[in-house]
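Please put together the full structure from these sequences, using the hints given.
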Amino acid sequence: MSLVELGRYASHVDADVDRLALQARGIDAVLFDAETNNFFGAGGLIWVRLMVLDEDLDAARQLLSREAGGSPGRG
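First residue of the sequence shown? That's 25 in the working numbering, and the numbers climb one at a time after it.
It should be emphasised that the hints constitute simulated quantities derived from the structure, not laboratory data. Incorrect hints may have been included.
With beta-carbon atoms standing in for the labels, derived distance ranges [claimed, not checked]: (1) Arg49 / Leu69: 29 to 37 Å; (2) Leu69 / Met25: 29 to 37 Å; (3) Arg90 / Glu59: 15 to 23 Å; (4) Arg90 / Leu69: 24 to 32 Å; (5) Gly50 / Ser26: 26 to 34 Å.
If you're wondering where the values come from, they're calculated on a predicted model, not measured in any experiment. Just so you know, even glycine gets a beta-carbon here, dropped at the ideal spot from N, CA and C.
Encoded structure:
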């Protein structure tokens, strides 16, 4: 059981929306680098990574793909 990257986001807000959508459907997800991304309010300096368990990766991709009409992550 390990964490894998599901998507990268320029905005921690977009990443958090997808994280919450996954968690609402029973898929555990965490954000990496969200605090660094928003350091001094600059935003977008470092990509925010949405992480899920490796065994949830396919289900998470399908869920976000259906909801967003594309692949996880927004640039």
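Hint by hint, here is what the structure shows:
1. Arg49 / Leu69: 29 to 37 Å: Once the Cβ atoms are compared, 31 Å apart, the range 29 to 37 Å for Leu69 and Arg49 holds.
2. Leu69 / Met25: 29 to 37 Å: The hinted range 29 to 37 Å holds for Leu69 and Met25, with Cβ atoms some 31 Å apart.
3. Arg90 / Glu59: 15 to 23 Å: 29 Å, violated
4. Arg90 / Leu69: 24 to 32 Å: 31 Å, holds
5. Gly50 / Ser26: 26 to 34 Å: Between Gly50 and Ser26, where Cβ atoms are some 19 Å apart, the hint is violated.
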